[in-house]
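Asker: Sequence:
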Amino acid sequence: EAIATDFARTLLRHPDTAAIGLGARDSLRLEAGLCLYGHDIDQQTTPIEAALTWSISKRRREAGGFPGAAKVQ
Numbered sequence: 061e062a063i064a065t066d067f068a069r070t071l072l073r074h075p076d077t078a079a080i081g082l083g084a085r086d087s088l089r090l091e092a093g094l095c096l097y098g099h100d101i102d103q104q105t106t107p108i109e110a111a112l113t114w115s116i117s118k119r120r121r122e123a124g125g126f127p128g129a130a131k132v133q
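Per my numbering: the sequence shown ends with 133, consecutive numbering throughout.
Treat the hints as calculated values from the structure; they're not laboratory data.
None of these values were measured; they are calculated from a predicted model.
Hints should not be assumed to be uniformly reliable.
[As the list claims (entries may be wrong)] Here are the in silico distance ranges between beta carbons for each label pair:
| hint | residue 1 | residue 2 | range |
| --- | --- | --- | --- |
| 1 | Asp-100 | Ala-123 | 35 to 45 Å |
| 2 | Asp-100 | Ile-80 | 15 to 25 Å |
| 3 | Ser-87 | Phe-67 | 38 to 48 Å |
| 4 | Tyr-97 | Ala-64 | 18 to 28 Å |
| 5 | Ile-116 | Gly-81 | 28 to 38 Å |
| 6 | Ala-64 | Gly-124 | 41 to 51 Å |
| 7 | Arg-119 | Glu-91 | 31 to 41 Å |
Note that CB positions come from ideal geometry on N, CA and C, so glycine has one too.
Make the full structure from the sequences, and use the hints.
Answerer: Here's what the structure looks like:
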């Protein structure tokens, strides 16, 4: 913990840096198209809705058994 604190303080001493909050992090995350589990997606969200079809192997797509499998096949 001390190493992380020292690292953060070192970064913040630089005149071109500033501490930001979760709002800024969320803006960057959304611009990058990254979903936050529990906020943007949950257990009811299908891989299609979450743009996560890249994460489903061909074998898993053929076998199904996950929310939204019918849409992926």
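Asker: All hints, please: hold or fail.
Answerer: Quick rundown of the hints versus the structure:
1. For Asp-100 and Ala-123, the hinted distance range of 35 to 45 Å is not satisfied, since their beta carbons lie about 26 Å from each other.
2. At roughly 20 Å, the beta carbons of Asp-100 and Ile-80 sit within the given window of 15 to 25 Å.
3. One distance hint, 38 to 48 Å for the beta-carbon pair Ser-87 and Phe-67, is violated here, with the actual separation near 24 Å.
4. Between Tyr-97 and Ala-64 the CB atoms are about 24 Å apart, so this pair conforms to the stated range of 18 to 28 Å.
5. Separated by about 34 Å at the C-beta atoms, Ile-116 and Gly-81 satisfy the suggested range of 28 to 38 Å.
6. In this structure the supplied range 41 to 51 Å holds for Ala-64 paired with Gly-124, their Cβ-Cβ distance being about 43 Å.
7. Taken as a hint, the range 31 to 41 Å holds for the pair Arg-119 and Glu-91, whose Cβ atoms sit roughly 33 Å apart.
The structure shown violates the earlier hints numbered 1, 3.
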